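Enquirer: Here is what each chain is made of, one letter per residue.
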Amino acid sequence: MKNMILLLGLALLATVGGVGEEVFAADELNCVLCHKYRGLSRVDKEGNFRLFYINEKMFKKSPHSRLKCIDCHSDIDEIPHKPAKKVDCTKECHLEEPSSNEKFSHKPVSEILDRSVHSKYDENGNLKEMAGKYPEDYPHCKDCHDNPLYRPLSFFKGEAAGISRRGLSRCKTCHTKGEFAETFYAHVTSRLQKMRSPKEIVGICAKCHGDPGFQERHELDAVVTSYQETFHGKAVHFGSEEAPDCIDCHVVSGESVHFIEGRESPTSAIAEGNVATTCRTAECHADAGENIAGFQVHVTYDKEKYPLQHYMLKFFTALMAGVLYFFVVIIFLELLRRLFPNFSFVKSSGTDEHGH
Amino acid sequence: MLAAARKVIYVLYTIALMAFTIWYANFIYPIIFAHSDSKHEEQLEEQKAGKTEEELMFEKFLKEQKKTATTDLGYMVIKEQYVKGHFHHVGMTIEPDIGNVCIKCHGAVPHDKAKAIRAFLNMHAFYLACEVCHIPPPQGQPNWDFRWYDKKTGQVIANPPGLVTTEIDKYGNYGAKIAPGVDENGIFHFINGKKERDFVDEYLKKKDLLGETEQSKMKKVIHRKVAEKPMLCDKCHTDKGEPYLPFAELGYPPRRISALTSTEVVGMVEKYKKFYIPKFLLQEEKGAGEKGGEGQSDDLKKGVPAGI
Amino acid sequence: MKYPRIAYRNGKRYFYRFSLVQRIQHIILFTTVILLSLTGFPLRYYDQPWAEPLYNFFGGIEVAPWIHRITGSVLLGLFVFHTGYWIYLFFKNRIGRLRREKRLTVGNAIREFFSQEMIPNAKDGRDLIDMFKYLLYFSNRPPRYDRMSWKEKFDYFAPYWGIPILGPAGVALWFRDEITHYVPGIVLNAFYIMHTDEALLAALFLFFVHWYNVHYSPEKFPLGTVFLTGYLSESDMIHEHYAEYVKIMKEEGLEHEIKPQH
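Protein chains in written order, with our numbering: chain A, 1 to 356; chain B, 1 to 308; chain C, 1 to 262.
By construction, these hints were calculated from the structure, which means they are not laboratory data.
Bear in mind that the values here come from a model prediction, so they are computed numbers and not experimental data.
There's no promise every hint is true.
[To be verified] Below, in silico cross-link-like pairs of lysine-lysine (BS3-like), each with a Cα-Cα straight-line distance of 30 angstroms or less:
1. A/199 / B/60
2. A/86 / B/113
3. A/207 / A/85
4. B/66 / A/45
5. A/103 / A/133
6. B/60 / B/104
7. A/86 / B/60
8. A/207 / B/113
9. B/60 / A/45
10. A/314 / C/247
11. B/229 / A/45
12. C/12 / C/247
13. B/152 / B/60
14. B/195 / B/235
Modelling step: build the complete structure from the supplied sequences, incorporating the hints.
Expert: Dropping the structure here:
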């Protein structure tokens with residue numbers, strides 16, 4: 001009770017004293033009264049730097065913007081509050097999913113993840129041996145996700161990134177209240193492309209798969225570097241949204257992106273019989289032949305695994321070194337000769353018609 | 001004469017070209033012989049070669065360390081501070097502070113003990129040098145002269161424009177801090193300036209040459225200006241009388257000043273007057289640091305938020 | 001068009017080297033090669049700091065690949081044209097002469113083929129030995145090259161080896177989808193390596209060796225002009241093609257004006 005009074009009191013005070021920033025619609029409890037301060041931070045017991053600042057403008061760009069703080073941080077029941085628990089993404093939240101009228105939750109995603117290669121448990125529900133040894137190598141929600149931000153698209157007159165004001169004006173004719181139209185527009189069009197650029201996706205996978213220690217522990221190849229050597233990787237590096245990132249090839253088209261399976265699984269996108277299908281989706285190599293499956297993506301120059309590449313590399317290295325160093329030596333000697341044009345160990349016979 | 005000059009130029013150019021040839025031979029070597037495989041193996045070898053857990057961790061952190069996270073929304077690219085494991089976007093960057101002497105040992109996020117307010121105190125450390133609260137002017141002396149310094153250089157700068165414009169990535173995080181100093185014959189210098197920083201660097205490098213007594217004496221003398229009891233919140237956040245920091249002079253617009261001295265803030269800070277003091281600053285008779293500075297309440301010790 | 005073997009400008013002798021058609025071919029060749037390098041190497045060295053700005057200059061991932069493909073097509077076209085041009089000249093000049101002289105036999109035709117100025121011959125081997133003797137101070141007489149030295153022949157055949165490796169591989173990677181109906185996918189892996197490694201060799205060679213021969217070398221710096229004018233100055237001719245120089249001077253009746261080699 002005492003807490004509630006204080007809470008109300010603080011909320012009241014806030015309405016009086018605002019710093020002139022716009023008021024945060026979903027923030028009924030006025031958490032940003034304190035969390036608007038940019039430096040609000042501390043170092044926790046494990047030594048992690050914790051920043052408690054909430055950037056409202058950024059938060060508003062996210063699908064979570066219609067939630068209240070305590071919808072996720074539900075263990076907070078007083079202000080000022082004790083260190084809050086970690087957010088459980090799989091809990092039911094107060095929003096209703098409109099098509100089913102059920103309470104919304106990320107639980108299904110977590111269940112899909114549990115069936116994927118990234119699960120700590122095998123198909124029988126037993127803890128995998130490696131997961132027992134290195135639990136931190138298996139990802140949770142937050143290892144791959146920060147707060148997603150809408151990436152709306154405009155199709156109004158040609159494609160462009162961002163919200164089409166002219167398109168939105170049509171929505172707003174009827175949906176006049178608040179920011180509903182804007183949010184709905186952003187929500188839907190963001191889903192028509194990737195919420196994160198391919199480059200960011202590669203960066204996320206690389207957090208683990210790019211770490212040599214991780215690769216060694218799990219006997220995996222350096223898949224990130226080999227991907228980056230492909231045209232796909234290079235196109236993504238230079239900002240292509242069309243070239244495939246990790247997810248495009250490692251998730252069966254139409255499946256949840258959280259359902260990544262290992263090569264051994266017969267249903268995986270990269271299982272022996274499925275590669276051609278994965279490459280030949282309508283958006284990618286639709287016209288390609290069955291043989292496209294034979295193209296090797298994660299290539300190294302390992303003699304056993306990739307003999308063709310290994311010997312071609314040897315050949316071209318030898319060719320390059322041979323040709324270039326041959327000429328480098330000749331050019332150097334020629335230059336040196338210019339400094340001593342007449343010197344010779346063997347005196348010339350002198351019967352030269354036009355020389356000296 | 002001209003022929004001779006020509007000859008000299010010819011020889012010099014030839015020698016230069018020979019140097020270029022040698023450079024080129026060097027330049028193409030890694031290009032011809034580099035391939036990602038051996039690079040990767042070398043990395044792994046290098047990573048493991050007889051190193052302790054600490055060393056491995058340090059190297060891993062150094063390699064992982066990135067200052068900014070980039071989110072490309074297509075129509076805009078957001079570059080912000082990278083905070084490992086952080087969920088919410090912060091939309092700002094945090095410049096490391098090289099101008100401050102205290103954080104060399106105490107860190108940039110030093111407040112940890114007073115559970116109810118530690119995050120707030122750390123928030124203040126974003127734009128206030130430690131000295132502002134922890135080093136009061138000597139008794140009988142006039143108040144310090146406060147100025148902003150650039151976190152990246154430690155140099156005095158003009159009042160940050162972010163104070164007025166409250167642009168999104170600057171407000172509360174200006175890349176600058178307020179620090180106290182003195183104006184001597186028209187020349188301003190901070191009480192902890194470059195001289196003090198260099199001295200502490202020197203001390204940290206060579207302190208192992210000293211014995212225990214000397215080290216602890218040095219610690220005391222380095223901290224001699226530090227007050228046992230810091231400046232309390234209401235020194236600045238007060239609606240009665242002149243605040244300790246001259247907000248207007250430091251570039252705060254009237255709207256911000258009235259917020260800082262408003263009932264919102266003032267009402268809140270009145271509840272928190274309890275502070276922990278680093279143990280070695282305490283007089284011996286007062287005992288160990290756990291018992292804390294004077295007036296430390298019981299509920300603080302138990303970790304219960306004070307004031308509720 | 002008839003080119004005089006020796007041209008005079010400001011009282012200086014210049015020796016004919018390349019016809020206008022050849023010079024235009026060369027200009028197309030180096031323009032396309034430079035463009036291909038600039039739009040190709042940012043991909044190979046994508047992680048270098050210069051890669052992204054350079055690539056963006058050529059329009060980034062949306063545009064630069066198309067510049068690359070179009071210039072590549074032009075270069076392939078040039079390759080085909082030049083081969084045709086060569087065959088045309090061979091039939092017109094050599095086979096035609098044999099026919100007129102009624103000496104056209106298979107043996108003579110082969111002999112004529114190998115006597116063409118670009119085809120390596122035994123003299124190149126002797127020149128190479130002479131060159132090493134000279135460079136290692138076992139002789140103070142530089143090699144006396146004919147109309148085309150072994151270096152120039154090497155320069156010439158470098159694209160003749162490089163383009164058939166680079167070009168088809170590039171085309172195959174361009175039409176990767178179609179090609180997988182006919183060849184195994186791993187062929188694309190091989191093409192990928194061929195394309196990039198051969199390109200690297202070509203670029204490293206051209207930038208240093210070829211440009212040294214024609215631009216950087218102390219006699220030529222800063223710019224050899226034969227690729228523009230088609231004529232080589234007398235001093236360069238003496239320095240680079242002494243045997244040819246002596247031959248032309250004699251044939252033009254200027255024997256008494258022949259200058260010493262150095």
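Enquirer: With reference to the structure, classify each hint as holding or not holding.
Expert: Tested hints:
no., hint, in the structure
1, A/199 / B/60, "22 angstroms, holds"
2, A/86 / B/113, "21 angstroms, holds"
3, A/207 / A/85, "25 angstroms, holds"
4, B/66 / A/45, "23 angstroms, holds"
5, A/103 / A/133, "36 angstroms, violated"
6, B/60 / B/104, "22 angstroms, holds"
7, A/86 / B/60, "25 angstroms, holds"
8, A/207 / B/113, "33 angstroms, violated"
9, B/60 / A/45, "21 angstroms, holds"
10, A/314 / C/247, "45 angstroms, violated"
11, B/229 / A/45, "25 angstroms, holds"
12, C/12 / C/247, "18 angstroms, holds"
13, B/152 / B/60, "25 angstroms, holds"
14, B/195 / B/235, "29 angstroms, holds"
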